[in-house]
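Sequences are here, hints too, so could you generate the full structure?
As you go down the protein sequences, you meet chains L and C in turn.
Mind the numbering: the first sequence is residues 1 to 351 in the numbering used here, read in order.
Mind the numbering: the second sequence is residues 1 to 580 in the numbering used here, read in order.
If you are wondering where the hints come from, they were derived from the structure by calculation, not from laboratory data.
These numbers were taken from a predicted model, which means no experiment stands behind them.
Just so you know, not all the hints are guaranteed correct.
As the list claims (entries may be wrong) - Computed from the model, here is a short list of chain C residues facing chain L with C-beta under 7 Å:
#: 1; residue: Ile5
#: 2; residue: Leu14
#: 3; residue: Val15
#: 4; residue: Leu24
#: 5; residue: Arg27
#: 6; residue: Leu28
#: 7; residue: Ile31
#: 8; residue: Gln32
#: 9; residue: Arg36
#: 10; residue: Leu39
#: 11; residue: Gln563
Unchecked claim - From the derived model, a few chain C residues whose C-beta atoms are all more than 12 Å from chain L:
#: 12; residue: Lys149
#: 13; residue: Asn276
#: 14; residue: Thr282
#: 15; residue: Gly387
#: 16; residue: Gln440
#: 17; residue: Gly450
#: 18; residue: Ser468
#: 19; residue: Tyr514
#: 20; residue: Gly545
As the list claims (entries may be wrong) - List time: in silico SDA-like cross-link candidates among lysine to any residue, alpha-carbon distance up to 20 Å:
#: 21; chain 1: C; residue 1: Lys476; chain 2: C; residue 2: Asn313
#: 22; chain 1: L; residue 1: Lys313; chain 2: L; residue 2: Thr211
#: 23; chain 1: C; residue 1: Lys85; chain 2: L; residue 2: Thr23
#: 24; chain 1: L; residue 1: Lys313; chain 2: C; residue 2: Arg27
#: 25; chain 1: C; residue 1: Lys342; chain 2: C; residue 2: Lys355
#: 26; chain 1: C; residue 1: Lys85; chain 2: L; residue 2: Val22
#: 27; chain 1: C; residue 1: Lys494; chain 2: C; residue 2: Arg481
#: 28; chain 1: C; residue 1: Lys56; chain 2: C; residue 2: Arg66
#: 29; chain 1: C; residue 1: Lys516; chain 2: C; residue 2: Ser411
#: 30; chain 1: L; residue 1: Lys313; chain 2: C; residue 2: Cys20
#: 31; chain 1: C; residue 1: Lys149; chain 2: C; residue 2: Arg72
#: 32; chain 1: C; residue 1: Lys82; chain 2: L; residue 2: Thr23
#: 33; chain 1: C; residue 1: Lys154; chain 2: C; residue 2: Met70
#: 34; chain 1: C; residue 1: Lys85; chain 2: C; residue 2: Arg116
#: 35; chain 1: C; residue 1: Lys170; chain 2: C; residue 2: Glu285
Each residue gets a CB set at the ideal place from its N, CA and C atoms; glycine is no exception.
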Amino acid sequence: MVYSSSNMLAYELYDENVYRYVTVQLFACLLGLIGMFAASYFPYQYYHRYAKQILLLSLMSLVLVFSPIGYSVRSATGQEFHRWIRIAGMQFQPVELTKLGLVIYVSHSLSSKGDKIHSLTRGVLPNIFILAITFILLYKQPDFGSAVLLSLAVIVLLFVGGARPSQIILVVGIACFFIYSSIQGDAYKMQRIQDFLNSLKHPYETNYQVTQSLNALALGGVFGAGVGNSIYKLFYLPYPHTDFIFAILGEELGFIGGFGVITLFMLLIWRGIHIARRATDEFACLVAIGITAFIGLQTIVNVGVVTGMLPTKGITLPFISYGGSSLLISMVSIGVLLNISRGMESQEVRG
Amino acid sequence: MNSNISSSRVAIILVGLEICLGLLIGRLFLIQSLHREELRERSEHHRHGQVRLPVKRGKILDRHRRIFAMNRDLVSVYADPKAMKAQPAEVAQTLAPLLDVSEAKLLPALEQKDRRFVWLQRNLDYNRLKDIREVTKGIHGLGYQIHGKRLYPKDELACHIIGYTNFANKGMEGIERQYDTYLSGGGLGLVPDSKSQEKLVTTDGKRRPIRPPQLYQETSESGGRIVLTFDEYIQHVTEKELLAGCKKWKAKAGTAIVMHAKSGEILAMANYPNYNLNRFSTSRESAKRNLAIWMQYEPGSVFKIVTASAVLNEKLMSPTSREYCEMGEYRLPNGHIIHDVKPNAWLTLSEIIEKSSNIGIIKAASHLGRERLADYTHRFGFGEKTGLDLPYEKSGSLRGLKKWDDYSVASVPFGQGISATPIQVLNAINVIATNGVLLQPYVTLQIINGDGKVLKRSHPKPIRRVISAETANKMKKMLVRVTETGGGINARVKGYQVAGKTGTAQKAERKKGYVKGKVVNTFAGFLPAEDPLISIIVVVDEPAGAPLSSHVTAPIFQKIADQVMRYLSQKDLFAQRPLN
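Here it is, written out as structure tokens:
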């Protein structure tokens with residue numbers, strides 16, 4: 001899918017090397033498989049023990065994007081995006097690591113505090129504090145979409161972790177404040193929100209990207225145009241291989257393909273929650289829920305954007321979009337899930 | 001399960017996520033199935049664009065539809081050595097026989113691994129396309145390109161009329177430039193149903209057709225064909241005789257035009273030196289000039305026709321009115337002295353033209369005055385472009401007339417102090433042939449679109465009546481005497497009465513004034529005098545030894561006129577016109 005959606009883009013961007021994106025993606029996939037395999041055998045309890053260090057590492061990597069090894073991309077509008085770091089010729093997007101790091105830390109923090117979770121100052125506030133730091137770092141990049149996603153995931157963890165409804169409302173309120181303050185004064189984001197509000201009134205009239213995306217889906221119809229036959233990937237859709245890959249998937253594979261992919265995600269979520277429920281300890285349970293929620297939320301946001309139900313954000317579709325860091329971390333996350341599930345299996349056997 | 005984790009809340013998360021995804025499936029179903037047609041219709045115009053297809057450039061034909069400019073589809077093969085995985089030596093071995101290049105030459109090109117684009121062979125014949133396609137398909141890093149290249153089957157013949165296109169197939173000279181838009185398929189929308197060049201194709205987001213390479217082969221449409229007025233044979237004769245004359249007199253340059261006297265159609269337009277259209281890039285720039293419309297020179301005594309016509313038309317003199325010619329030397333009030341070639345006493349106006357007396361014509365012009373002379377000069381078409389449909393036409397200069405000093409008014413009547421192009425002089429003498437009407441000369445008979453439909457047809461275009469038919473008739477008789485007994489005797493054509501006038505003008509150079517030993521010879525005339533069919537002008541620039549026109553251009557005129565009249569007596573060129 002990455003190849004099909006990106007080959008013409010790569011052709012024009014990278015000296016006619018149509019395999020450019022695929023080569024990178026295959027390499028990431030290989031790394032991801034290794035990572036997943038390793039993570040599935042790596043006892044998750046270590047994450048519990050080193051949660052603070054993991055968090056620190058991921059926050060540091062977020063800071064590193066502004067360091068000399070940071071790698072920035074300038075958009076067509078002249079805005080600079082500091083989203084990557086580059087080590088030994090390889091680029092990495094630290095925010096992906098942060099996602100996992102934050103899930104581990106919040107799970108750790110919630111599970112080790114026991115009853116103190118109900119206390120505002122000791123249970124909820126430290127997590128909000130961490131979230132705020134992350135938020136500020138992401139705001140600097142800027143990566144608004146990931147920030148929203150992160151806060152959603154933390155809210156889910158707090159919710160499941162037993163925080164009081166009043167506390168959750170507080171967190172939601174604070175998150176909303178952050179979101180609002182970062183949108184304010186940014187005409188670009190305001191426009192996107194505005195476009196979205198308009199599209200609520202007129203379901204199929206929205207901004208350029210989403211219009212093209214809807215057109216692509218409509219062209220695909222029920223059965224799709226066939227693999228490789230997308231027209232909208234040919235410079236109609238701005239990010240055919242990342243944010244809008246689902247539109248191309250829908251165009252080439254039709255409703256059947258889209259239905260299949262979403263169903264797989266539904267299965268994945270179901271299995272993820274299943275693992276969480278059967279987890280042997282609270283930390284494992286929360287990590288499993290966090291990972292599952294992350295993948296689920298990311299899918300919902302991405303497909304929501306592509307189908308014009310949510311305002312446009314730069315969120316990729318897990319496992320499917322082009323992006324090495326995302327794929328690698330997603331697969332490692334699955335590895336962690338597998339490890340948790342392995343732990344409970346062995347317990348079941350023992351029990 | 002640990003006490004802190006609420007099982008029901010986990011269930012809420014699970015159900016919440018699954019419901020959201022379920023809703024998305026529903027939304028997807030709406031878009032891709034229920035509202036699909038609505039959305040598709042809306043986006044239809046996005047994906048399809050009117051795209052100008054590459055057009056095969058139209059042909060240029062003479063009046064008998066003989067091809068003077070055509071297209072050849074050629075194939076060029078290139079390589080991307082960096083992307084090539086196969087061994088350069090093997091590739092070179094496969095390609096060498098196909099491309100007509102030795103392996104030794106191909107190998108270095110293919111071994112430039114740092115290059116992304118190298119031409120291996122350009123401009124191969126189109127019928128090799130199939131083989132080339134087979135081979136390039138099998139080897140990664142090879143490609144080919146098809147493009148139309150202009151071919152001029154007649155090489156030099158009519159080169160200044162036809163012109164050529166540059167490397168990008170854009171017309172640079174002559175008809176190729178003048179009608180570039182028509183030839184390249186543009187401007188054919190003149191006729192509403194002729195939108196053949198535009199085709200609705202699926203385009204990508206940058207509005208480029210998605211499958212461009214196939215389009216060229218798919219187009220059967222071609223650009224407009226241009227049918228010209230000239231006749232290959234007449235052009236050939238004119239070029240041959242002009243060349244021979246210019247060589248004989250070691251002239252710097254020369255030009256000759258043959259025109260259909262009744263319509264203004266150009267039957268031949270020749271210049272010396274000329275060039276081969278297929279090798280335009282290596283030709284000298286000076287050879288590419290269409291002197292017939294570009295050269296501005298002092299016409300000399302040919303211009304006496306204008307002065308004499310004016311005097312007659314204003315009824316100031318009759319052909320038999322006399323002027324005293326001062327025995328060949330006349331001092332003007334400002335001190336300038338005017339000479340005649342031979343001393344004369346009293347001459348009639350007719351004799352002044354016949355013997356080309358400068359003194360006589362000055363005296364005749366003195367009855368006119370500046371205003372009226374200037375008026376007639378303008379009305380005969382001097383000082384402005386004839387409007388012939390060829391690029392780079394010059395308008396000549398009437399500065400001498402405007403300045404109004406005694407010397408220039410004195411010299412203008414015999415064609416000095418003003419400049420004109422050969423086509424202007426020819427067109428002016430043609431006024432006598434048409435019984436007093438100035439015509440607009442033209443070189444294009446028809447423009448035909450790709451489907452064979454005539455888009456534009458040229459018709460004779462009278463510009464204005466210059467003199468009365470009666471005056472024209474009197475002038476005609478005087479001009480016949482020039483070739484019967486006067487200076488144009490060498491221009492006589494067997495079997496026809498020729499009306500014509502010689503002109504030998506000393507060349508003026510910047511700051512030096514008139515230079516001895518450098519002249520421009522002109523002979524302009526038409527025949528048969530009683531019912532003129534063709535008008536011809538011959539101009540020779542700087543013949544060696546500064547001879548008189550009667551010796552240089554009159555014989556060239558005669559040779560061209562003789563052959564053209566014999567040709568025309570066998571072939572009725574102008575009767576076929578209404579049929580088309």
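Okay, the hints, checked on the actual structure:
At a threshold of 7 Å, the smallest CB-CB gap from C/Ile5 to chain L is about 6 Å, leaving the interface hint in force. For the restraint placing C/Leu14 at the interface with chain L, the shortest Cβ-Cβ distance is roughly 4 Å, inside the 7 Å limit, so the hint holds. Taking 7 Å as the C-beta contact cut-off toward chain L, the hint placing C/Val15 at the interface is violated, the least distance being around 9 Å. Because the smallest distance between the Cβ of C/Leu24 and any Cβ of chain L comes to about 5 Å, under 7 Å, the interface hint for this residue holds.
Given the 7 Å rule on beta carbons, the hint for C/Arg27 holds: about 5 Å separates it from the nearest Cβ of chain L. Below 7 Å, beta-carbon pairs count as interface contacts, and C/Leu28 has one with chain L at about 5 Å; its hint therefore holds. The beta carbon of C/Ile31 is positioned within 7 Å of a beta carbon in chain L (closest approach about 5 Å), and the interface hint is therefore held. The beta carbon of C/Gln32 comes within 4 Å of a beta carbon in chain L, closer than 7 Å, and the hint placing it at the interface holds.
Because the closest C-beta pair between C/Arg36 and chain L is about 5 Å apart, less than 7 Å, the hint holds. Proximity of C/Leu39 to chain L holds as hinted, the smallest CB-CB distance being about 4 Å (cut-off 7 Å). Evaluation of the C/Gln563 hint against chain L yields a violated restraint, the C-beta minimum of about 61 Å exceeding 7 Å. With a least CB separation of 26 Å from chain L, C/Lys149 remains clear of the 12 Å interface cut-off, as annotated.
Every C-beta of chain L lies more than 12 Å from that of C/Asn276, the closest at about 40 Å, which supports listing it as non-interface. At roughly 35 Å from the closest C-beta of chain L, the C-beta of C/Thr282 stays outside 12 Å, upholding its exclusion from the interface. Distance to chain L confirms C/Gly387 as a non-interface residue, since its nearest Cβ pair spans about 48 Å, more than 12 Å. With 12 Å as the threshold on Cβ separation, the claim that C/Gln440 sits away from chain L holds: the shortest Cβ distance comes to roughly 51 Å.
C/Gly450, annotated as away from the interface, keeps every beta carbon of chain L farther than 12 Å; the closest lies near 30 Å. With a least CB separation of 71 Å from chain L, C/Ser468 remains clear of the 12 Å interface cut-off, as annotated. No Cβ of chain L comes within 12 Å of the Cβ of C/Tyr514; the nearest lies about 66 Å off, and the non-interface call holds. C/Gly545, annotated as away from the interface, keeps every beta carbon of chain L farther than 12 Å; the closest lies near 67 Å.
For the given pair, C/Lys476 sits about 13 Å from C/Asn313 by alpha-carbon distance, which is consistent with the 20 Å threshold. At most 20 Å may separate the alpha-carbon atoms for a hinted pair to count; L/Lys313 and L/Thr211 meet this at roughly 15 Å. Using a Cα cut-off of 20 Å, the hinted pair C/Lys85 and L/Thr23 holds, with the two alpha carbons roughly 17 Å apart. At most 20 Å may separate the alpha-carbon atoms for a hinted pair to count; L/Lys313 and C/Arg27 meet this at roughly 18 Å.
Using a Cα cut-off of 20 Å, the hinted pair C/Lys342 and C/Lys355 holds, with the two alpha carbons roughly 9 Å apart. The straight-line distance between the Cα atoms of C/Lys85 and L/Val22 is roughly 19 Å, inside the 20 Å bound, and the hint therefore holds. For a cut-off of 20 Å, the pair hint linking C/Lys494 to C/Arg481 stands: about 15 Å separates their Cα positions. Distance hint between C/Lys56 and C/Arg66 is fulfilled; the C-alpha atoms sit about 18 Å from each other, no more than 20 Å.
Straight-line distance between C-alpha atoms of C/Lys516 and C/Ser411 comes to about 17 Å, which keeps the hinted pair within the 20 Å bound. Pair hint L/Lys313 plus C/Cys20 holds up; C-alpha atoms about 17 Å apart against a cutoff of 20 Å. Note on C/Lys149 and C/Arg72: the hinted pairing holds, with a Cα-Cα distance of about 5 Å set against a maximum of 20 Å. About 18 Å separates the Cα atoms of C/Lys82 and L/Thr23, which keeps this hinted pair within 20 Å; it holds.
The straight-line distance between the Cα atoms of C/Lys154 and C/Met70 is roughly 11 Å, inside the 20 Å bound, and the hint therefore holds. Our distance criterion of 20 Å between C-alpha atoms is met by C/Lys85 and C/Arg116, whose separation comes to about 13 Å. Between the alpha carbons of C/Lys170 and C/Glu285 the distance comes to roughly 18 Å, so the proposed pair stays at or under 20 Å and holds.
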